[in-house]
Amino acid sequence: MSRPEFVYVTYIETTPEKLWQALTSSEFSRRYWFNTELQSDFKVGSPLALVMNGTNTDVGEILEADLPRRLSYTFRHVLDETARNEPPTKVVFILEKHGNLVKLTLTHENFTEGSKLLDGVSKGWPAILASLKSLLETGHPLTIPPAALAIEGFQ
Amino acid sequence: MNVQDFRPAIVYTIYIASTPAKVWQAFTEAEFSRKYFFGFAVEAELTVGGAFIVRAPDGSLHIDGKVIECDPPKRLTVTWNVNWPDLIEKLGPTLVTYEIEQAGDAVRLTMIEAHDRPLSDDILSGGRQGWPAILSSLKSLLETGQPLVVKMAPPRRMLEALKAMGIATP
Numbered sequence: 001m002s003r004p005e006f007v008y009v010t011y012i013e014t015t016p017e018k019l020w021q022a023l024t025s026s027e028f029s030r031r032y033w034f035n036t037e038l039q040s041d042f043k044v045g046s047p048l049a050l051v052m053n054g055t056n057t058d059v060g061e062i063l064e065a066d067l068p069r070r071l072s073y074t075f076r077h078v079l080d081e082t083a084r085n086e087p088p089t090k091v092v093f094i095l096e097k098h099g100n101l102v103k104l105t106l107t108h109e110n111f112t113e114g115s116k117l118l119d120g121v122s123k124g125w126p127a128i129l130a131s132l133k134s135l136l137e138t139g140h141p142l143t144i145p146p147a148a149l150a151i152e153g154f155q
Numbered sequence: 001m002n003v004q005d006f007r008p009a010i011v012y013t014i015y016i017a018s019t020p021a022k023v024w025q026a027f028t029e030a031e032f033s034r035k036y037f038f039g040f041a042v043e044a045e046l047t048v049g050g051a052f053i054v055r056a057p058d059g060s061l062h063i064d065g066k067v068i069e070c071d072p073p074k075r076l077t078v079t080w081n082v083n084w085p086d087l088i089e090k091l092g093p094t095l096v097t098y099e100i101e102q103a104g105d106a107v108r109l110t111m112i113e114a115h116d117r118p119l120s121d122d123i124l125s126g127g128r129q130g131w132p133a134i135l136s137s138l139k140s141l142l143e144t145g146q147p148l149v150v151k152m153a154p155p156r157r158m159l160e161a162l163k164a165m166g167i168a169t170p
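Sequence lines, in order, name chains A and B.
Last residue of the first sequence: number 155 in our numbering, and the count goes up by one each step with no gaps.
Last residue of the second sequence: number 170 in our numbering, and the count goes up by one each step with no gaps.
Worth double-checking, as some hints may not be accurate.
[Stated by the list, open to error] Straight line, CA to CA, 27 angstroms or less: simulated BS3-like cross-link-like pairs of lysine-lysine:
#	chain 1	residue 1	chain 2	residue 2
1	A	Lys97	B	Lys151
2	B	Lys22	B	Lys35
3	B	Lys151	A	Lys103
4	A	Lys123	B	Lys74
5	A	Lys43	A	Lys90
6	B	Lys90	B	Lys74
7	B	Lys66	B	Lys90
8	B	Lys90	B	Lys22
9	A	Lys18	B	Lys151
10	A	Lys18	A	Lys43
11	B	Lys35	B	Lys66
12	B	Lys22	B	Lys74
13	B	Lys163	B	Lys90
14	B	Lys151	B	Lys22
15	A	Lys97	B	Lys35
16	A	Lys103	B	Lys35
17	B	Lys22	A	Lys123
18	A	Lys43	A	Lys97
19	B	Lys90	A	Lys103
20	A	Lys18	A	Lys90
21	A	Lys103	A	Lys123
[What the hints assert, rightly or not] Example chain B residues on the side facing chain A (calculated, C-beta under 8 angstroms, incomplete):
#	residue
22	Thr13
23	Tyr15
24	Ala17
25	Asp105
26	Ala106
27	Lys139
28	Ser140
None of these hints come from the bench; they were simulated from the model.
None of the values given here were measured: they were computed from a predicted structure.
Here a beta-carbon is modelled for each residue, glycine too, at the ideal position from N, C-alpha and C.
Extracted from the complex, chain A is given alone in its bound form:
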C-alpha cells in the first residue's frame, strides 16, 4: 500500500524561472501564501522555515534544488499540538514547460493514515497555488480569508 499523499496540478502562463523564483522567495510568498516567509537559501541540505505573520509554522530541509525544474524539501509542522507529533513529510514541486505555459505538479507525500496535517494541507495548497497563479498571471494575488479554508486552528 502506498502512503497517503496530496497531488495537485495547475497550468500557469509564466516561465519556469519566474515560477521557481515565486516558489523560493519571501518577496513573492508573502503575497500569495497567507503572508508566509520562506526562510532558506534553497541549497541542498539547508534548513527551511515557514514563518507566517512572524510565527514559525513549519520546518524542513532542502532535498533537491534543480533550478528551474525540480524542488523538494522535507516538511514538518511545528505549531498544532496534534500535527506537530506526526513524522516529517515531503514536498515536491515539478516545473515543466508546456507550450507557452508551465505545468506545475505538487506532490506532498509520506503522511501517516488519518494525518491531521494531510487534511490541513489538502485544503491549504489549492488556495496557495491558485493565488500564486493569479499573482504570476495578473500581478495580483487572491484575497482569501484564512477562515474560509475551514482548517482547524487556522484563522
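Could you slot chain B onto chain A? The hints should help.
Frame of chain A; chain B shown alone:
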C-alpha cells in the same frame, strides 16, 4: 441509477477571482465554455432531468448526460457520460458535481468526479489529466480575459486500458 452509490474518485479545488454567477455561466453556456474548454461547447437544459450535452469542436456529441441536481449558482450535478461505444456499459455512468462558494473576494470551485464502482488508475488518468487543464484555463479566462492554450492528447495508459476492456475510442 442511484446517486447514493457513487463515490468521489477525483476532487479538484481551485480559487478564482470572480463571482459565483460567472462561474456558473461558465459551466452552463456554450459560448463561454468554448473559450476555456478548448473548443468544447456545453449545452445544458437547467432543470433536473434536463439534457446536459458537451459537443466537441467538430460539433460531434462528446458528453451525453442529464442534469441530476441544479441549484444555481451553487451546485450543479450532471451525468458526465462520454459518448464512446460500450463505455457506459463497461465503466458505468460518471457523475460530475461543481460546488461554487464565495471565499472572501474569490470563488472556491470544487469539481468532484464520482463513480458507482472502483476504476483503475489507468482509466482515471484521463480525468486527472483533463480537469486541472480545463479549470486552470477557466481561471485564467475569468481573471485575465484570456484562456490558456494547453496542448494535450488523452493519456496513452487510459487509451490502452479502454482498448483492453473492448471500448472503442475515436
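Okay, the hints, checked on the actual structure:
Of the pairs offered as hints, the one joining Lys97 (chain A) and Lys151 (chain B) holds, with about 12 angstroms between alpha carbons and a cut-off of 27 angstroms not exceeded. Between the alpha carbons of Lys22 (chain B) and Lys35 (chain B) the distance comes to roughly 14 angstroms, so the proposed pair stays at or under 27 angstroms and holds. Under the criterion of a C-alpha separation no larger than 27 angstroms, the hint pairing Lys151 (chain B) with Lys103 (chain A) is consistent with the structure, at around 11 angstroms. Only pairs whose Cα atoms come within 27 angstroms are accepted, and Lys123 (chain A) paired with Lys74 (chain B) is accepted, the gap being roughly 19 angstroms.
Between the alpha carbons of Lys43 (chain A) and Lys90 (chain A) the distance comes to roughly 16 angstroms, so the proposed pair stays at or under 27 angstroms and holds. For the proposed pair Lys90 (chain B) and Lys74 (chain B), the alpha carbon gap of about 32 angstroms is over 27 angstroms, so the pair is violated. Between the alpha carbons of Lys66 (chain B) and Lys90 (chain B) the distance comes to roughly 19 angstroms, so the proposed pair stays at or under 27 angstroms and holds. Restraint check for Lys90 (chain B) and Lys22 (chain B): not satisfied, since their Cα atoms lie roughly 36 angstroms apart, outside the 27 angstroms limit.
Restraint check for Lys18 (chain A) and Lys151 (chain B): the C-alpha separation of about 21 angstroms stays at or below 27 angstroms, so the hint holds. Between the alpha carbons of Lys18 (chain A) and Lys43 (chain A) the distance comes to roughly 18 angstroms, so the proposed pair stays at or under 27 angstroms and holds. As the CA atoms of Lys35 (chain B) and Lys66 (chain B) are separated by approximately 23 angstroms, the hinted pair is consistent with the 27 angstroms bound. Between Lys22 (chain B) and Lys74 (chain B) the alpha-carbon distance is near 11 angstroms, which keeps this suggested pair within the 27 angstroms criterion.
Restraint check for Lys163 (chain B) and Lys90 (chain B): satisfied, since their Cα atoms lie roughly 12 angstroms apart, inside the 27 angstroms limit. For the hint pairing Lys151 (chain B) with Lys22 (chain B), the CA-to-CA distance comes to about 25 angstroms; that is within 27 angstroms, so the pair holds. Only pairs whose Cα atoms come within 27 angstroms are accepted, and Lys97 (chain A) paired with Lys35 (chain B) is accepted, the gap being roughly 22 angstroms. Note on Lys103 (chain A) and Lys35 (chain B): the hinted pairing holds, with a Cα-Cα distance of about 20 angstroms set against a maximum of 27 angstroms.
A distance of roughly 23 angstroms separates the Cα atoms of Lys22 (chain B) and Lys123 (chain A); the hinted pair therefore holds under the 27 angstroms criterion. In summary, the hint linking Lys43 (chain A) to Lys97 (chain A) is supported, as the alpha carbons are separated by about 23 angstroms, within the 27 angstroms threshold. For the proposed pair Lys90 (chain B) and Lys103 (chain A), the alpha carbon gap of about 32 angstroms is over 27 angstroms, so the pair is violated. As the CA atoms of Lys18 (chain A) and Lys90 (chain A) are separated by approximately 23 angstroms, the hinted pair is consistent with the 27 angstroms bound.
The hinted pair formed by Lys103 (chain A) and Lys123 (chain A) meets the criterion: a straight-line CA distance of about 20 angstroms does not exceed 27 angstroms. For the restraint placing Thr13 (chain B) at the interface with chain A, the shortest Cβ-Cβ distance is roughly 4 angstroms, inside the 8 angstroms limit, so the hint holds. The interface hint given for Tyr15 (chain B) is met, as the beta carbon of that residue sits about 4 angstroms from the closest beta carbon of chain A, less than 8 angstroms. At its closest, the beta carbon of Ala17 (chain B) sits 6 angstroms from a beta carbon of chain A; the interface hint therefore holds under the 8 angstroms criterion.
For Asp105 (chain B), the interface hint holds, the least distance from its beta-carbon to any beta-carbon of chain A being 5 angstroms, beneath 8 angstroms. With a cut of 8 angstroms, the hint placing Ala106 (chain B) at the interface with chain A holds, because the nearest CB-to-CB distance is about 5 angstroms. The interface hint given for Lys139 (chain B) is met, as the beta carbon of that residue sits about 7 angstroms from the closest beta carbon of chain A, less than 8 angstroms. Because the beta carbon of Ser140 (chain B) sits about 6 angstroms from the nearest beta carbon in chain A, less than 8 angstroms, this interface hint is met.
Checked against the numbered hints given earlier, the structure breaks hints 6, 8 and 19 and satisfies all the rest.
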